[in-house]
Each structure stands twice: as structure tokens, then as C-alpha cells.
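Model the placement of chain B with the ligand on the given structure of chain A, informed by the hints.
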Amino acid sequence: MKLNCKHLCHSLDLSLEELDYLFNLAKEMKKNPAKYSNSLAGHILGTLFFEPSTRTRLSFESAMLRLGGQVLGFSDSDQSSAKKGEGLWDTVRVMDGYCDIMVIRHPKEGSSLLASEYSQVPVINGGDGGHQHPTQTLTDLFTIVTEKGSLENKNFAFVGDLKHGRTVHSTLLALARYKGNKFTLISPSELKIPAYLREQLTKMGAEFEESTDLKSAISDADVLYSTRIQKERFFNEEDYLKLKDNYIINNCVLSHGKKDMLVLHPLPRVNEISIEVDSDPRAGFFRQAKLGVYIRMALIHTLIKGGHTNA
Amino acid sequence: MLKVASIKNGVVIDHITPGNGLKIFSKLNLKDIDEPVILLRNADSSKAGKKDVVKIENFYDLPLEYLGILDSNITINYIKDEKIIDKKSVSLPLKIKGIVKCKNPRCISFEQKDVSPEFTLNNREDGYICSYCEETTSLKRIKL
Ligand SMILES: [Zn+2]
Chain A
18 MKLNCKHLCH SLDLSLEELD YLFNLAKEMK KNPAKYSNSL AGHILGTLFF
68 EPSTRTRLSF ESAMLRLGGQ VLGFSDSDQS SAKKGEGLWD TVRVMDGYCD
118 IMVIRHPKEG SSLLASEYSQ VPVINGGDGG HQHPTQTLTD LFTIVTEKGS
168 LENKNFAFVG DLKHGRTVHS TLLALARYKG NKFTLISPSE LKIPAYLREQ
218 LTKMGAEFEE STDLKSAISD ADVLYSTRIQ KERFFNEEDY LKLKDNYIIN
268 NCVLSHGKKD MLVLHPLPRV NEISIEVDSD PRAGFFRQAK LGVYIRMALI
318 HTLIKGGHTN A
Chain B
3 MLKVASIKNG VVIDHITPGN GLKIFSKLNL KDIDEPVILL RNADSSKAGK
53 KDVVKIENFY DLPLEYLGIL DSNITINYIK DEKIIDKKSV SLPLKIKGIV
103 KCKNPRCISF EQKDVSPEFT LNNREDGYIC SYCEETTSLK RIKL
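Taken in sequence, the protein lines are chains A and B. Converting from the first sequence to this note's numbering requires adding 17 to each position, the first position being numbered 1. Converting from the second sequence to this note's numbering requires adding 2 to each position, the first position being numbered 1.
Simulated from the structure, these hints should not be mistaken for laboratory data. Backbone N, C-alpha and C fix where the C-beta goes; we use that ideal spot for every residue, glycine too. A portion of the hints provided could be inaccurate.
Derived lysine-lysine pairs resembling DSS-like cross-links, with alpha carbons at most 25 Å apart [as the list claims (entries may be wrong)]:
| hint | chain 1 | residue 1 | chain 2 | residue 2 |
| --- | --- | --- | --- | --- |
| 1 | A | K23 | B | K85 |
| 2 | B | K25 | B | K99 |
| 3 | A | K23 | B | K105 |
| 4 | A | K180 | B | K105 |
| 5 | A | K220 | B | K97 |
| 6 | B | K105 | A | K209 |
| 7 | A | K199 | A | K232 |
Take a look, some chain A residues computed to stay more than 10 Å from chain B by CB distance [unchecked claim]:
| hint | residue |
| --- | --- |
| 8 | K23 |
| 9 | K47 |
| 10 | H60 |
| 11 | E78 |
| 12 | K125 |
| 13 | G182 |
| 14 | A191 |
Here chain A stands alone, though its shape is the one from the complex (with noise of 0.2 Å):
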């Protein structure tokens, strides 16, 4: 399958069908890693990280690996400069020489988009400041489609800060595409989702509602998706020790939720979840990071060769 989107800047730019697609070709490359293991040979992923992601590069990178290809790039650049924005098309019309796809993890918003009008190979958003974030939608959805069966009829449970951290908006906008799905949003009042984003899920029809209890608000959920609460967000310390604690996931609040609840974070996890879940079955975030070395290696895969048919 070819893409319609040349380049992936935006979680919406692909659509259900795609989605659909790269799932699949993500399943069966995890099935028979064997068979793809050499479809990049020859073939070179830039990554540009203008700003430090360990996690998200190392996935990529893997990813990559994993297709037979080859990796290039920096993750340490001037960090003055990218906040500028100062070099990015300069860096992208010279990288694009070098590689034959390329991955950007920018601090300013739209960078991607940006980078990919100067771009003549694939440009994959790694990150674009608090923007947009679209291989971690994808690995969320991936994860969820791979451990629940389907993205549809379901209730999903979203805690933490729902109000910064784009990344969620964008996971809870995806998920909202899909038949018959029910959104519990748990956080302190304070960090409710944004005013636009309850307009936009009003207006798609999607079923939600605002709670502050975390205990009694995920009895039916069939995903826990887990945020960080961060410090800096707010205005005193008091504040947030006081809140903090009443969304932290441990067994106490697991004991509440169904038996086959899936319980999601994007990592990296400050104290949001207990160590103590990592036994539980339930905890599905380390395997989410691993789905997302799959869901990355179709996607890149697709947007280098359109899909398995040429592997």
C-alpha cells in the first residue's frame, strides 16, 4: 500500500485504512522478524534531534536496525540554535543528501511540517516541541489493537495532567476516529483537557466524561492510559503534593479495575505508577515499548518502499 502522505508530521495525516495497514504489516513483521530482516539493506535513517530523547531515538534506531538498514545522524546539536529555530532547513537539504528517510525531534512546533517542505526523502516527526508527537499515538494504538483486539467498543480511562502534553490530545483524538469507544478523563480540576479539545470531541460525536476520582472512575475501563503529573505545572509546591498522590497507580488502585485492564504510559515514568504494578499482568507499558519498535519499523518501512508487497 502507498501512503497518501509522503512524509508523517501529524497523527491525523494518516487515515483508519492506513492505520489499519501499517498494524497489520507491524503484526506480521514481529511474527516473521526473519523475513525483513535485510527489506533496508542499503537504505539510511537520518535521525535529527535537535533536542535530546534517548527513548524515542533508540526506538528508532532499533526499528531501522531491525529492517537490515543503517542509522545516522546527532542527537546533540547546539541547543541555542534549535531554539531559534536557526539551521533546521540548512541541517534537512543536507541531511536529505545522506540519508533515504529522515526523523526530527525539534523543540519548536511545526518543525517537522517545516522541515518537510524543504525535505526530498520522508521526513517522520519524532517530537515537535509540546505539538505533536505521531509514532507515540501510533505505538498507543498499536499496543491497544495488539493486546485488546480492536480499537473499537471500548472504554478507555485517561489520568494524570490531561491538559498539557499534547501527545495525550493527540492519542485521545485517534482513539475518538474509532466506533462506539467511551473516554473517562481523570485529573485535578486544575489540568482538565483544553477547552478546544472537548469542543473537537464534542463536535466528533465521541462519548466522554470529566472526573476527579481515579478509584471509583475506572471500575469499567478496559485501558488505563497514565500521564505524568509534572511539578512545574503548578503554582506551589503545597498544591501539588497534595494532588499528586491522589492519581498515582499502585495495587491499591488496580484492585478497583477489571481483571484484563490495560494499563498504559508513555514512559518515562516519574511516580505516576508504583513499581509495585510492573508484576501485575496488567502493566502493558513495557510491552507498549517494545510494539513501538514494530508499528516504527512498518511505518518506515511503508514511507521507504510502499508496504510489504516489495520486500
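Structure of chain B with the ligand alone, referenced to chain A:
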């Protein structure tokens, strides 16, 4: 009532919100035009009580999108041989590029002279969404 000369050929920018006439005069650099230009302030208007009007002789080429953002009440009459040959009312354009800068300091286009985002009017009609960062710059904050 004050009688003002009409023009033979050119444009009449009518129904300008009072106060915006001078702004249009200066933004369109009309002081540099060698043709006759009339700026009328606080004229009587049957529609809105008062209005400003700008008339420019031998001139047709107006930046309509720009005028639409500046004052969406405006109507424009195109005059030839003292007759109105065309009438246009400006409105907020659905898409604009190059006129407005993004007001989001976290946006890649902010502080970049060479990068100009395309803006789409959002459905609430209270501003324009930047193609890069998707933030809305409200109409109130767009200063032309
Ligand atoms: Zn912007």
C-alpha cells in the same frame, strides 16, 4: 450634508468602520499615490450611523484579503465612467498567507522572517489557525 466629489474611474471603499479609514489610508500607502484620493471620516451611513469612506481615482488593484481582515464591514465599488461596474463586499478570508505572523512563541515560524505559515479561519470565526503549530491567533491580536 457635506457634498463630496464623486470619482470618474477608480474604487470607492465604502462602509468602513469609523476610525479605520485613516488606517486603510496609511496601510495602503495612499499618500504615495499620484492620483486624487479622498478620505472621508464620520460620514452619515444609513446602515451604521457613521462610516468612513476612501475614494481613489484611476486605481483598481486592492488587496481584498488584507482589507477583509482589517475591516470585514467594508464594501468596494468599482467605478468606470462614473458608473458602478462591480460591487464587492469583503469578508474574513478562509485562508491567508503572508499577511499575518503566528503569535505563538513556541512556533517554528515565530521570529523567522522567511517562514510564513498558511492560516485557516477557525470555525468559531474568532481567529486563524497556524498551519505549523495549530495554535489559534485571535482576530483581536491580529494587528495590521
Ligand atoms: Zn504557529
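* Far enough from chain B: is every CB of that chain over 10 Å from the CB of A:E78? -> Correct as stated: the minimum Cβ-Cβ distance to chain B is 25 Å, above 10 Å.
* To do: For the pair we were handed, B:K105 and A:K209, check the Cα-Cα distance against 25 Å.
  => Holds - the C-alpha atoms of A:K209 and B:K105 are around 24 Å apart, at most 25 Å.
* Has the given pair, A:K199 with A:K232, been kept, meaning a C-alpha gap of at most 25 Å? -> At roughly 17 Å apart (the allowed maximum being 25 Å), A:K232 and A:K199 satisfy the hint.
* To do: For the pair supplied as a hint, B:K25 and B:K99, confirm whether the alpha-carbon distance does not exceed 25 Å.
  => 21 Å, holds
* Starting from A:K180, check that the Cα of B:K105 is at most 25 Å away, please. => Holds, at roughly 20 Å.
* Asked: Between A:K23 and B:K85, does the CA-CA distance stay at or below 25 Å?
  -> Violated. A:K23 to B:K85 sits at ~52 Å, over the 25 Å cutoff.
* For the pair supplied as a hint, A:K220 and B:K97, confirm whether the alpha-carbon distance does not exceed 25 Å. => Roughly 22 Å between the alpha carbons, so the hint for A:K220 and B:K97 holds.
* Once the closest CB in chain B is found, is it more than 10 Å from A:H60? -> 27 Å, holds
* Minimum Cβ separation between A:K47 and chain B greater than 10 Å? -> Non-interface label on A:K47 holds, nearest chain B Cβ at 33 Å vs cutoff 10 Å.
* **Interface exclusion of A:A191 relative to chain B, criterion Cβ beyond 10 Å** => 15 Å, holds
* Asked: Holds or violated: A:K23 with B:K105, Cα cutoff 25 Å?
  -> Judged against 25 Å, a Cα distance of about 29 Å means the pair is violated.
* May I ask you to check that A:K125 keeps its beta-carbon over 10 Å from the closest beta-carbon of chain B? => The assertion about A:K125 is violated, with a minimum of 4 Å to chain B.
Going through the hint list in order, the structure does not satisfy hints 1, 3 and 12.
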